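**Q** Here is how the chains run, residue by residue.
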Amino acid sequence: MTTVSSPNATTRRRPFQKNRPFQKNRPSNGKRPFNWRRATARILLGLAIAVSVLPFYWVLRTALSTNGSLAANSASLLPADFNLGAFERVFGLQSASDAIAEGGSGASINFWQYLLNSLLFSSITTAGAVFFSSMAAYAFARLRWKGRDGVFSLFLGTMLVPPIFTALPNFLLIKNFGLLNTMLGLVLPYLFMTPFAIFFMRQFFLNMSREVEEAAMLDGAKHFRIFFQIVMPNAAAPIATLALLTFMGQWNEYFWPLLVGSSEESRVLTVGLGVFKSQSPQGAPDWSGLMAATLVSAIPVLILFAIFGKKIINSIGFNGTK
Amino acid sequence: MTTLTKQPDSGLSTVGGSRKSRKRGKSGAGFRAMGDLKIALFFIAPAMIGFVLFYVVPTIRGIYLSFTEYSILGDPEWIGIKNYEQIAKDPLFWNALGVTLEYVVINIVLQTALALGLALLMHRVAKSTLVRGALLLPYLMANVIAALLWFWMLDYQIGIVNQLIEWFGLPRVAFFGSEEWAIPTQALINTWRHMGYTALLIFAGLQAIPASVYEAASIDGSKAASTFWRITLPLLRPVLVLVLVVTVIGSFQVFDTVAVTTQGGPVNATRVLQYYIYQRAFAQQDFGYGSALAVILFLILAIVAFIQMKFLRGSQSDLD
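Taken in order, these protein sequences are the chains called A and Y.
Position 16 of the first sequence, counting from 1, maps to 16 under the working numbering, and the rest follow consecutively.
Position 189 of the second sequence, counting from 1, maps to 189 under the working numbering, and the rest follow consecutively.
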């Protein structure tokens with residue numbers, strides 16, 4: 001009964017052999033000189049992939065190390081002195097004295113709160129912007145009214161205005177509203193629309209078949225019903241893509257939250273990371289803590305990418321002309 | 001961009017137009033005569049509020065503030081073009097402009113060249129989603145994350161990159177600490193983050209070139225190199241122009257990575273335009289001056305976009 005493992009091993013190896021690309025492509029009589037080029041191309045591409053992906057491993061490896069042993073093992077591929085202290089520090093599970101002993105600043109950084117703030121900020125703005133932009137896009141694509149194309153160009157033109165330019169007056173406006181350092185103040189400028197979202201949805205509505213709408217129209221359905229019961233459900237796929245792109249963009253936003261959200265209730269992760277970095281104790285920075293925090297901030301986007309990778313990748317190259 | 005204006009007309013005048021006019025005749029409802037204006041107003045109302053409140057008004061207010069002296073506390077005081085006169089004599093502004101230009105140029109050259117190379121490689125040997133996903137990963141990360149990640153990897157003392165450099169027998173590099181390296185380092189971080197994304201954009205353009213073009217070229221005996229220079233590159237022009245516009249406009253607004261790592265330093269080496277605006281407006285509470293600087297940045301970007309679209313004919317494809 002102990003020899004059962006050997007047939008298993010052979011069956012497991014077979015699919016692996018089948019997938020080897022070189023075996024498949026190589027003609028039986030010998031190598032063509034062309035293969036050298038392909039090999040070089042593969043190596044270069046592999047190098048680019050390594051440069052893109054390996055830094056994330058290095059972040060993980062550092063986050064799982066202790067500050068004390070990082071200097072002595074600065075090039076070891078595995079975590080130096082494997083330890084979860086850095087993550088405990090980030091989530092405030094470590095006492096201040098322990099944190100200082102491990103090279104942290106000892107100051108409390110409320111990452112759970114920042115994580116929640118980031119989630120709130122990104123989801124609220126995404127929901128608002130996608131919904132209201134879809135409504136506007138419908139009016140730009142399907143309804144007939146005077147000045148429509150002019151207004152649309154105006155909306156589109158705002159894509160060219162650099163965010164810093166509107167950020168200063170918007171900061172003053174939010175301040176006048178008394179909304180500095182509140183979630184509402186943080187969310188408001190993104191809530192009603194983004195030029196890209198309108199552009200994106202309008203492009204989809206223009207290419208959508210009109211037949212179902214026409215039929216509903218003849219049955220006497222009003223635009224409201226058509227939009228909410230026919231158009232929106234049919235647009236589920238592009239709406240999902242747009243929501244995904246918007247959410248990730250908002251998650252990574254830094255400048256506006258830096259200006260407006262510096263209280264505990266309104267500080268998002270990106271801003272929190274900056275604060276964490278500047279709080280580093282004098283002398284040696286808390287590298288493992290910083291990398292643990294960085295990784296935690298990246299995880300939601302990594303999860304979204306793992307689930308919706310294909311959707312995100314296929315959305316690139318979208319410029320509305322196809 | 002040409003297709004943008006073409007499509008709505010064709011869509012409306014063929015199917016929608018005729019149907020609607022037929023229906024209008026039947027029902028004869030009064031407000032139909034002015035089109036769907038009332039319904040349209042309902043549909044664009046929320047977006048319009050956002051547009052006016054957070055785009056139109058701030059644009060006007062920003063231009064107005066640039067002619068004032070304003071420190072948030074009091075009221076803005078009209079001072080004419082004094083801010084602009086001061087900017088013309090401001091060595092920190094000219095330094096910021098120079099430093100930003102250096103950053104932009106390194107980004108354009110490095111990013112476009114690398115991305116083009118990568119796109120060609122992908123086109124040749126690997127089109128799988130996994131490869132594209134791996135290359136896209138850095139782009140999905142926040143600037144802040146990219147900055148911190150490289151701040152650690154490029155650390156002078158125990159960063160892995162300096163370890164590797166030393167193994168090759170070269171002297172360590174103070175990537176963030178030396179004036180000559182600070183801006184190239186910022187540009188490298190940005191290139192790392194955008195390289196894969198830009199490559200995918202170009203890759204999409206490559207796939208739009210029909211195979212028949214290449215077949216014709218190879219029948220005519222065109223060598224690989226000359227096919228690239230005479231066929232691939234010219235046909236990629238619209239995509240390349242788009243990439244250039246996006247890269248240049250984005251690079252001019254560099255802020256996040258600088259704010260997190262070097263904060264303008266060492267000395268003034270990374271005090272880029274947007275960081276300088278931020279410092280003047282928020283650290284020194286000089287909103288008038290900050291707004292004037294922002295107006296100048298806006299003008300620069302508008303000119304750059306105009307030149308690129310006009311002279312590189314970015315919106316026209318040679319494939320049509």
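Calculated directly from the structure, the hints in this document are not laboratory data.
One or more hints might be untrue.
What the hints assert, rightly or not - Not everything, but these chain A residues come out facing chain Y in the computed CB check (under 10 Å):
#1 LEU44
#2 ILE100
#3 GLY178
#4 LEU179
#5 PRO189
#6 PRO195
#7 PHE196
#8 TYR254
All values reported here derive from a predicted model rather than from experimental measurement.
All C-beta atoms, glycine included, are put in the ideal place defined by N, C-alpha and C.
**Q** Next step is simple, just say for each hint if it's right about the structure.
**A** For each hint, the structure was consulted:
| no. | hint | result |
| --- | --- | --- |
| 1 | LEU44 | holds, 6 Å |
| 2 | ILE100 | violated, 20 Å |
| 3 | GLY178 | violated, 14 Å |
| 4 | LEU179 | violated, 13 Å |
| 5 | PRO189 | holds, 4 Å |
| 6 | PRO195 | holds, 8 Å |
| 7 | PHE196 | violated, 12 Å |
| 8 | TYR254 | holds, 5 Å |
Hints 2, 3, 4 and 7 from the earlier list are contradicted by this structure; the remaining hints agree with it.
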